[in-house]
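Residue numbers for the sequence shown follow our numbering, so the first one is 1 and each next one is one higher.
These aren't lab readings, by the way, just hints derived from the structure by calculation.
Among the hints, a few may not be true.
[Said to hold, decoys possible] Only pairs whose alpha carbons sit at most 25 Å apart, straight line, appear in this in silico PhoX-like list of lysine-lysine:
id: 1; residue 1: Lys178; residue 2: Lys191
id: 2; residue 1: Lys178; residue 2: Lys163
id: 3; residue 1: Lys163; residue 2: Lys191
[What the hints assert, rightly or not] Have a look at the derived ranges for each label pair, beta carbon to beta carbon:
id: 4; residue 1: Leu274; residue 2: Glu194; range: 35 to 45 Å
id: 5; residue 1: Glu254; residue 2: Gly225; range: 28 to 38 Å
id: 6; residue 1: Pro217; residue 2: Thr44; range: 50 to 60 Å
id: 7; residue 1: Gln180; residue 2: Asp122; range: 42 to 52 Å
id: 8; residue 1: Ser188; residue 2: Asp122; range: 37 to 47 Å
id: 9; residue 1: Gln218; residue 2: Glu73; range: 43 to 53 Å
id: 10; residue 1: Glu130; residue 2: Glu52; range: 38 to 48 Å
id: 11; residue 1: Gly181; residue 2: Gly160; range: 27 to 37 Å
id: 12; residue 1: Glu130; residue 2: Gly166; range: 34 to 44 Å
id: 13; residue 1: Gln159; residue 2: His94; range: 32 to 42 Å
Here a beta-carbon is modelled for each residue, glycine too, at the ideal position from N, C-alpha and C.
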Amino acid sequence: MGRRTDLSSLLSSGAATATAPAPAPDAAGEGTRPVARDAAHPVTVALADLAENPDNPRHELRDLEGLAETVRERGVLQALGVVPRAVFLAAHPHHEEAVGRAPYVVLHGHRRLAAARMAGLDEVPVLVREDASRTDEDALIENVQRDDLTELEQAQAIQGLIKSYGYSQRQVAARIGKTQGFVSQRLSLMKLREDLQEALADGRVSVEDARRIARLPQEEQALPGETGTPPPSVPKARRDYGVIKIDSRGTPEEVVESLRRHLAPAALDRILELLGR
1 MGRRTDLSSL LSSGAATATA PAPAPDAAGE GTRPVARDAA HPVTVALADL
51 AENPDNPRHE LRDLEGLAET VRERGVLQAL GVVPRAVFLA AHPHHEEAVG
101 RAPYVVLHGH RRLAAARMAG LDEVPVLVRE DASRTDEDAL IENVQRDDLT
151 ELEQAQAIQG LIKSYGYSQR QVAARIGKTQ GFVSQRLSLM KLREDLQEAL
201 ADGRVSVEDA RRIARLPQEE QALPGETGTP PPSVPKARRD YGVIKIDSRG
251 TPEEVVESLR RHLAPAALDR ILELLGR
């Protein structure tokens with residue numbers, strides 16, 4: 001009989017953590033320089049030592065209450081991805097003021113970080129990376145693949161990649177694992193006037209109406225009902241993750257990979273909670 005694999009341990013990516021070593025002074029004697037470590041294993045870091053990535057494409061952290069409750073009961077089950085401050089600023093020196101003096105910058109896991117703060121935790125598990133050259137691209141890929149961004153946030157992040165790296169729409173589509181039509185649809189929202197983009201962001205206009213309005217010249221763009229009766233409020237669309245196809249003959253590792261590709265961190269945490277019962 002083959003070796004049995006614990007699916008929950010695979011999903012949590014090795015929940016056992018070790019305490020992070022104290023940062024060492026940098027060459028100039030100012031700030032901190034985290035000492036080298038094996039990035040394959042999580043370490044624990046105080047929340048006060050973590051700064052958020054200014055390039056994070058998520059403008060709003062949604063549905064935190066449920067995740068915070070899970071974190072309060074079970075802790076953070078999936079480690080955050082971080083990079084040492086010096087490494088991040090070497091790639092993004094214009095973000096020095098936004099990052100402040102925290103020794104680490106969070107690349108992935110901003111929702112988990114916010115939930116940990118809401119739950120009153122003092123520290124969280126992290127995986128330390130030593131490369132921050134394409135953090136904006138990495139963050140967009142992770143969030144788009146997990147359906148963590150609104151369509152407008154996706155559009156803004158995709159436009160940022162095109163401007164920063166000179167990608168074509170086809171190249172962006174290949175990088176984020178989507179079709180060129182997906183990219184083109186998102187970018188059409190960037191043709192909206194700024195006030196209409198704000199209306200889309202706060203739910204006063206639907207994505208479908210926004211796409212229709214974006215086809216018009218900006219001087220002709222207007223919210224539905226602006227010239228007549230006030231438009232009805234448009235509720236924010238609820239996210240539908242759809243059906244996840246899993247090969248019943250696949251290995252536990254393949255099942256985990258499929259779940260991570262399709263589910264948001266909160267959903268993964270809920271699966272871990274159910275598996276642990």
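Now for the hints, and whether the structure bears them out:
1. Lys178 / Lys191: holds (21 Å)
2. Lys178 / Lys163: holds (19 Å)
3. Lys163 / Lys191: holds (15 Å)
4. Leu274 / Glu194: 35 to 45 Å: Given a distance of about 43 Å, which is inside 35 to 45 Å, the answer is holds.
5. Glu254 / Gly225: 28 to 38 Å: At 50 Å between Cβs, range violated.
6. Pro217 / Thr44: 50 to 60 Å: holds (54 Å)
7. Gln180 / Asp122: 42 to 52 Å: holds (46 Å)
8. Ser188 / Asp122: 37 to 47 Å: Holds: the Cβ-Cβ distance is about 45 Å, inside 37 to 47 Å.
9. Gln218 / Glu73: 43 to 53 Å: Given about 49 Å between the Cβ atoms, the range holds.
10. Glu130 / Glu52: 38 to 48 Å: violated (19 Å)
11. Gly181 / Gly160: 27 to 37 Å: violated (20 Å)
12. Glu130 / Gly166: 34 to 44 Å: Since the Cβ atoms of glutamate 130 and glycine 166 sit about 26 Å apart, the hinted range of 34 to 44 Å is violated.
13. Gln159 / His94: 32 to 42 Å: violated (18 Å)
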